[in-house]
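Student: These are the residues of each chain, in order.
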Amino acid sequence: MAIDVVVLVSIGRHPVSGRARRADADARAVELALGIAGAHVQLVHAGDPDEPALRDYLGMGANAVTVLRMGPEADPVSVLSAHLSSTKPQIVLAGTRAEGGEDSGLVPYLVAQALNTPLVPGIVSLSLVGERAEMLQGLPRGRRRSLVSPVPLVATVPVMAPAPRMSAFGLARRGTIAVKDADAAADAARTAWTEGPARRRPKRIKVMKAASAADRVRAVTEMAAGKGKVLQNVPPEEAAKAIFDYLVTEGIIQAKP
Amino acid sequence: MILLQGLIGICVAVGAACALWRARRWFRGRPAKVDFLRGLLRFPQSYFVDLHHIVARDPYTARMHVMVAGGFTAAFLLTLAVHLFDIDSRGLAWLLLAFLVLMGAGAAFVALRRRPKPARLSAGGFSRLPWSLFAFAAAFFLATLPKAGLVAPFAAFSVPGIVVLVLAAWGCAEMVAFLPLGPMKHSFAGAMHLICHPRFQRLGAARPDSGLKPLDLELPKLGVEAPSDFKWNQLLGFDACVQCGRCEVVCPAFAAELPLNPKKLIQDLARAVDPGASDAAYAGSPYPGRPVGQAHGGPSRPIIGDDAMIHPDTLWSCTTCRACVQECPMMIEHVDAIVDLRRFQALEKGAVPGKAPLVLAELRATDTQCGAALASRLDWAADLSLPLISAKGECDVLLWLGEGAFDLRNQRTLRALVRLMRHAKIDFAVLGEEELDTGDLARRLGDEATFQDLAKRNAATLAKYRFRRIVTADPHVFHSLRNEYPAFGARHEVMHHTMLLDELVSQGALPKGKSSAGKTTYHDPCYLGRYNGEIRAPRAVLDAIGVERVEMERSGMRSMCCGGGGGAPVTDIAGKKRIPDVRMEQARETGAAVVAVACPNCAVMLEGVVGPRPEVVDVAELLLQAVEAA
Ligand code: SF4
Ligand code: SF4
Numbered sequence: 001m002a003i004d005v006v007v008l009v010s011i012g013r014h015p016v017s018g019r020a021r022r023a024d025a026d027a028r029a030v031e032l033a034l035g036i037a038g039a040h041v042q043l044v045h046a047g048d049p050d051e052p053a054l055r056d057y058l059g060m061g062a063n064a065v066t067v068l069r070m071g072p073e074a075d076p077v078s079v080l081s082a083h084l085s086s087t088k089p090q091i092v093l094a095g096t097r098a099e100g101g102e103d104s105g106l107v108p109y110l111v112a113q114a115l116n117t118p119l120v121p122g123i124v125s126l127s128l129v130g131e132r133a134e135m136l137q138g139l140p141r142g143r144r145r146s147l148v149s150p151v152p153l154v155a156t157v158p159v160m161a162p163a164p165r166m167s168a169f170g171l172a173r174r175g176t177i178a179v180k181d182a183d184a185a186a187d188a189a190r191t192a193w194t195e196g197p198a199r200r201r202p203k204r205i206k207v208m209k210a211a212s213a214a215d216r217v218r219a220v221t222e223m224a225a226g227k228g229k230v231l232q233n234v235p236p237e238e239a240a241k242a243i244f245d246y247l248v249t250e251g252i253i254q255a256k257p
Numbered sequence: 001m002i003l004l005q006g007l008i009g010i011c012v013a014v015g016a017a018c019a020l021w022r023a024r025r026w027f028r029g030r031p032a033k034v035d036f037l038r039g040l041l042r043f044p045q046s047y048f049v050d051l052h053h054i055v056a057r058d059p060y061t062a063r064m065h066v067m068v069a070g071g072f073t074a075a076f077l078l079t080l081a082v083h084l085f086d087i088d089s090r091g092l093a094w095l096l097l098a099f100l101v102l103m104g105a106g107a108a109f110v111a112l113r114r115r116p117k118p119a120r121l122s123a124g125g126f127s128r129l130p131w132s133l134f135a136f137a138a139a140f141f142l143a144t145l146p147k148a149g150l151v152a153p154f155a156a157f158s159v160p161g162i163v164v165l166v167l168a169a170w171g172c173a174e175m176v177a178f179l180p181l182g183p184m185k186h187s188f189a190g191a192m193h194l195i196c197h198p199r200f201q202r203l204g205a206a207r208p209d210s211g212l213k214p215l216d217l218e219l220p221k222l223g224v225e226a227p228s229d230f231k232w233n234q235l236l237g238f239d240a241c242v243q244c245g246r247c248e249v250v251c252p253a254f255a256a257e258l259p260l261n262p263k264k265l266i267q268d269l270a271r272a273v274d275p276g277a278s279d280a281a282y283a284g285s286p287y288p289g290r291p292v293g294q295a296h297g298g299p300s301r302p303i304i305g306d307d308a309m310i311h312p313d314t315l316w317s318c319t320t321c322r323a324c325v326q327e328c329p330m331m332i333e334h335v336d337a338i339v340d341l342r343r344f345q346a347l348e349k350g351a352v353p354g355k356a357p358l359v360l361a362e363l364r365a366t367d368t369q370c371g372a373a374l375a376s377r378l379d380w381a382a383d384l385s386l387p388l389i390s391a392k393g394e395c396d397v398l399l400w401l402g403e404g405a406f407d408l409r410n411q412r413t414l415r416a417l418v419r420l421m422r423h424a425k426i427d428f429a430v431l432g433e434e435e436l437d438t439g440d441l442a443r444r445l446g447d448e449a450t451f452q453d454l455a456k457r458n459a460a461t462l463a464k465y466r467f468r469r470i471v472t473a474d475p476h477v478f479h480s481l482r483n484e485y486p487a488f489g490a491r492h493e494v495m496h497h498t499m500l501l502d503e504l505v506s507q508g509a510l511p512k513g514k515s516s517a518g519k520t521t522y523h524d525p526c527y528l529g530r531y532n533g534e535i536r537a538p539r540a541v542l543d544a545i546g547v548e549r550v551e552m553e554r555s556g557m558r559s560m561c562c563g564g565g566g567g568a569p570v571t572d573i574a575g576k577k578r579i580p581d582v583r584m585e586q587a588r589e590t591g592a593a594v595v596a597v598a599c600p601n602c603a604v605m606l607e608g609v610v611g612p613r614p615e616v617v618d619v620a621e622l623l624l625q626a627v628e629a630a
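Chains as they are written, first to last, in the numbering used here: chain F, 1 to 257; chain P, 1 to 630.
Don't read these hints as lab results, they were simulated from the structure. Hints are supplied without guarantee of correctness; some may be wrong.
As the list claims (entries may be wrong) - Each pair of labels, with its calculated beta carbon distance range:
1. Lys355/P <-> Thr249/F: 32 to 40 Å
2. Ala163/F <-> Pro286/P: 30 to 38 Å
3. Val159/F <-> Ser506/P: 48 to 56 Å
4. His52/P <-> Arg216/F: 54 to 62 Å
5. Lys221/P <-> Thr191/F: 43 to 51 Å
6. Glu195/F <-> Ala375/P: 20 to 28 Å
7. Thr461/P <-> Lys203/F: 32 to 40 Å
8. Asp48/F <-> Ala460/P: 26 to 34 Å
9. Thr191/F <-> Lys425/P: 57 to 65 Å
10. Pro118/P <-> Arg216/F: 48 to 56 Å
11. Pro118/P <-> Pro140/F: 54 to 62 Å
Predicted model only: the values in this text are computed from it and were never measured. Where a beta carbon is used, it is the ideal one built from N, C-alpha and C, also for glycine.
Next up, chain P with everything else stripped away, as it sits in the complex (with noise of 0.2 Å):
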């Protein structure tokens, strides 16, 4: 069959073209040091281990893309030796066969899975794709069943002969020639963003890499603001995007409709690079309360504005929580290009909404987010006459109060942690007036200055202690001074409380005491959770205190921000709902008493849930009332 031997030709070459014509685009970015040798290496465990334990999540998908993608890319290479190179044998043949039908009942699933079409997924090209993966395997199967011995050969212009043709073109038009144009691109770009993979050494790490990456603040240009800006890896990891819309799912601002929708927005940088780029063709879920339609951009041109790809309100609604991050399949980085984007309108334009430009003023002015006097941070602890490290020198536990001890909600919990590591013996101290905010808000904003400042006074005050590790009540805390200090040349052991209180409970250093909570849910902050994996140690605190545990429909490293991470509750960017009632509401469908929190934001915005619900409680107050009922 010369014709279909020519058809397979050609659809290859051209698909090569295509691939080379679409990398182009990838290239508008900035360079990026990318170990390309490395990444190849890697490719196979890359994508059998670490993708497919996010694709496994999900089992539907997981077994459906397992059958279409494993059956095509086998049938495929064995159709190139059938039917292209025409190697005469059975068993090939055979096996070609058994590869096809594989891929069919896969593409089966892919229909079904569409019927009736779930919200997350998207239109357009996506709607297309079963038929093109069963023309491709219906078309092939025919052709193979001759090479097989199990029909006699027909001819070209026979009945057969011509269906097979029609249906091998287009199955190789869509799988084959513009594969790297139309839905199954995301096979290609997907590839090559794992060989490329701008935070390589997240593949495979025991736990998250979440620490954002210092930027120089010498670079002529600060952030952000055209797509040309991104690292060119960055470009093509948006363009790997497959829109399952997994990310959509897990979205807080997305539930809350605020206008964001994190899977539109990997797709309107993707569609950015374009010249004359628009989003009139994205056929997903809308920013809640937005028209599609209506963004426009290109190589060079703002990504932010109001009738630019990307609306002011849409990055600002990000709580930065990384629930994208960990769902996506194709492992792209949302929280990286939002900050990217955060950077350029906070650095160079000053654009940054709601009350966060005077908080930022204020972190200036007196290291503080309220705009207090250092000296003041321990006005609440006053009849606990906190030893300060400064009059000690050393200890083993440098306790980091942060902004929670500004807040009357959250020095409670501080004042719990101190009595139980009074309870415990631990020799601990306080900066006192040396401890400075340690920026985290202030990074996540964007403002990178104001950030790179204050860690580096805090490290400069850190290097003139000694002490064995650091531990704060405020994950955020946590994150930056373990992930993000280093970079300034702060290295030290830092431990979330709830990671002290579960050593002190395993070793005994507590009295054993048993909580009269009732049912208590345990909320995981993303900062500990999702950024930093520990998800046990609050657990086994409340469960070592015989706390009745259940769980939330979301948990663990899956858990749903509260909606006080990344500024949110300062940029404060409208929405019909308000994430914290959102997450309330799946605690009250567990019928919890209490919900446990292990942060000062959590409890903050949980508190601010009105209406009949479970109380509020961090896991120190928790264990403090179980210890002293011992």
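Extracted from the complex, chain F is given alone in its bound form (with noise of 0.2 Å):
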């Protein structure tokens, strides 16, 4: 029997055009979807079902969309939770964050929560072995960390998994938006809000004392080669307090004397 795979997509934003396309990291959910095998994968959307961005997805391959009709202002995480626990699909992927609204990555932990289900975040690669779900979770630096989770289950994709493939011209103009109204309350934390363009933060500079360009190659490597350490089965106060410290000698916060 097929597994029933849903991707919750969301229009996305171009950094620098600011122009709407597909969400990254949405659409490597999709790709990774694609290619998990007996996997029956439908896209879901909450949102306005005329936004052609939304046929970026299609062009992928998946034959349609559905698009639970809300406002813009409205919150997603009701109307997709509902909809989600009518029904019921085995798996639920979804980028890691959105490319608009408040960005918090939210959104996959309430809809886990909603529908009662484990989250498993940042995932780069899943496979079905019977019920359960083996996954490659990415951590920084190239490491993964190999993870399996009975199904039914929500999961979460980064922008470090696999390269999301061309949207097909010919497949967006033909796959179908299937509409759903669906009724959402509004998010009234978010008008409240205005939105304006992100301030730069200043990047801190690493100096590198480096003769040679073998030898910036090797400072860079001996650095992503893992400085600090790896804490592993600590108590949560042990583990909790090496991260201050970290933060207080990086200057980040500093300690109250």
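Hints are included, so try docking the two chains, each in its own frame, into the full complex.
Tutor: This is how it looks when you write it as structure tokens:
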């Protein structure tokens, strides 16, 4: 029996031009879903069915996207949760973070909470073995952690996951957009906000005293190959203390005397 | 000799039937508008002038072909007269003998050329061909001797009579009865191809007919998936391939051992039309690194696929350099076929490899290949205060900057060009933020939708302003604006910067200076030379500044690609070598200290070659240096 995989897709925004497009992380989630053997992939979007950028996802080879129609001010969490609890897919995927709105990355967590399923953050691959999903979670500096979870589950896909395929014009044109009217509550908190361009934060400059190109390469790779330490199976207080101390040494926060 | 008469008669009838049988497979393609009468009337000129020009680049083959083809055609017609219709004339018989001797001598050249067989030629039926030619010539030579009064007539069942019959049967089988199916197929399909050529306007054209034709984006299926999606005269063109391997020899991808051989590509396309097709009978060089005999296809089976007739890596190895088109004596349009196939992959499957999907997505989102803000196209020129046409409204030269404006290396070229124009007091302006990518790269990658979108928007911008001509330092931009934008309503005079510089130098608009560059060799960009026929202007500029100019073995219209065209750098198919390394090696062989370039892609590709090598300098940079030294 084919396993139902739903990918939550949102409308992204190109960081330079601001033009609407498929959201990068969501597109990677679709790519990952299309690669799961034996999966029946469905796309779900909460928002405006007439948004042309939705077709970018159809161009990746999914036949249809279900749009839960709601206004721009509405909160997608309740709408998505309601839809998913009635369709009951085994796997729900989403990008780790949207490219507009709050950008908090919390929607998948809230949906998982509503569906009462585990949430696996930041996976870069997934395959099904019986009723279980075997996943690789992407960690910083190219490390991977293998995880296994029973389905149903919600998982998020980061921008470090494999690049999405090209959106094909012909497929995008032919795919269908199925609209369902959704009953969405307005996101009261958000209406009060104003959006503005982000302020560029100054980057910390790493001074490298390297005589040759080879030295520079070595300096970079040595840095990447792990300063810092991995703490495993430590009590939470100790872990929190380690993070706190690190932030203090980096000068990001100041320890109270 | 009633037996001989019967044999000839039967062979002619079988030949006609085979021709019809063969032609049937072309009509598995889509309909195409063909002016048959016009093609037929122009045929002598197409064959004896246009085609001969190409064949004559290889004088040995040209002589060989004139002897065999001329000898055979005349001999065949005379054979019909003398032997089939039994016209009793010594004169005709002597004439026939003469043409048969010519043909036989030609056959000797055919045999000699294959000894030892050069890699570019095919074995299989072609190995047999010289002997079949001999058989034909010998049979009718013997049979004609009595008619010329040289020997006494011999009986059919005498030794000479039987020898004549056996040889004639062999010769006529190859050269008449089964001509449309064997190695001689090229004569029949080739003639039909010249008459019904899909780019008929290329015949006799003053400059190359190289612009791609717009694709109707409303069609239910975009691009070519299966052989039946090609136009019928394209299928006819593939069938005309004579497997001479000239395309193979010049293909930069083949030279760098990427998995592409244009000759096999055309053969695979020709074979794919048959139900249950396979490449097992192909007897030429393979795609480098890929075995022969494992590809399968059929008239409505997908052509591209891991075990289909053509592997995707083969399709994406092509740099669209047109060297194969330039060399092909059968005037086959390889690049059109490749782009048709790419269009399906890009538009219907989204199956474009490497970094190409990313670049295409950036093009759609930002109208630049690198995903930069349009306003930043002028960042490099902050100190030059380039005039904007939006402020001026009109100018003489509209300078099109292109993607090169985002690249450090090419900003140096643009800087030199701007300074030269200022020296010459040219009234120029740039579009600034209004300049979008031309879409050239998207088009070569098969993404016609993105190309057309960009082309229409650029055309609308250009229509707003008044200027005399567009000048660009990028031959890819030059080609698409000049040859492909007119289909979208943008008809402007477009010049490559070397053409403008040549004009300025010859008008004396620039101070006369002498270059201090050492020995210099000029590398022709494909999109300036082969695509547009402009090989003179850049050389004239170099000569005007007294550069000691040497030519590489391959130059001008027969130059070799740097590997930067057709999106090859972004699809990035691996080969044993890299194309720019192969080209740089050819430059090294000239002993030149400088490779002069005239294209941002060439500059980047050739500068990327590691190890000691000649310096890579744009023609504009060389000229500026000379002018400033004056
Ligand atoms: S266009 Fe150039 S790269 Fe492509 S097949 Fe022809 S010769 Fe080879
Ligand atoms: S495609 Fe043209 S150049 Fe290449 S082998 Fe065939 S006939 Fe010769």
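Student: The hint says 26 to 34 Å between Asp48/F and Ala460/P; measuring C-beta to C-beta, is that right?
Tutor: holds (27 Å)
Student: Given the hint of 54 to 62 Å, is the C-beta distance from Pro118/P to Pro140/F inside that range or not?
Tutor: holds (56 Å)
Student: Lying within 43 to 51 Å: is that true of the beta-carbon distance Lys221/P to Thr191/F?
Tutor: About 47 Å separates the Cβ atoms of Lys221/P and Thr191/F, which means 43 to 51 Å holds.
Student: Please check whether His52/P and Arg216/F have a Cβ separation lying inside 54 to 62 Å.
Tutor: holds (60 Å)
Student: Does the Cβ pair Thr191/F, Lys425/P satisfy 57 to 65 Å?
Tutor: Distance hint for Thr191/F, Lys425/P holds at roughly 59 Å.
Student: For the hint 32 to 40 Å, verify it against the beta carbon of Lys355/P and that of Thr249/F.
Tutor: holds (39 Å)
Student: How does the Cβ-Cβ distance of Pro118/P and Arg216/F compare with 48 to 56 Å: does it lie in that range?
Tutor: Cβ of Pro118/P to Cβ of Arg216/F: about 49 Å, so the range 48 to 56 Å holds.
Student: I want to verify a distance hint. Is the separation of the beta carbons of Val159/F and Ser506/P within 48 to 56 Å?
Tutor: holds (54 Å)
Student: Check the following: the C-beta atoms of Ala163/F and Pro286/P are separated by a distance inside 30 to 38 Å.
Tutor: holds (31 Å)
Student: State, for the Cβ atoms of Thr461/P and Lys203/F, whether the hinted interval 32 to 40 Å holds or is violated.
Tutor: For Lys203/F against Thr461/P, whose Cβ atoms are near 37 Å apart, the range 32 to 40 Å holds.
Student: Can the suggested window of 20 to 28 Å be confirmed for the beta-carbon pair Glu195/F and Ala375/P?
Tutor: Holds, at about 21 Å.
Violated hints for the displayed structure: none, as all numbered hints are satisfied.
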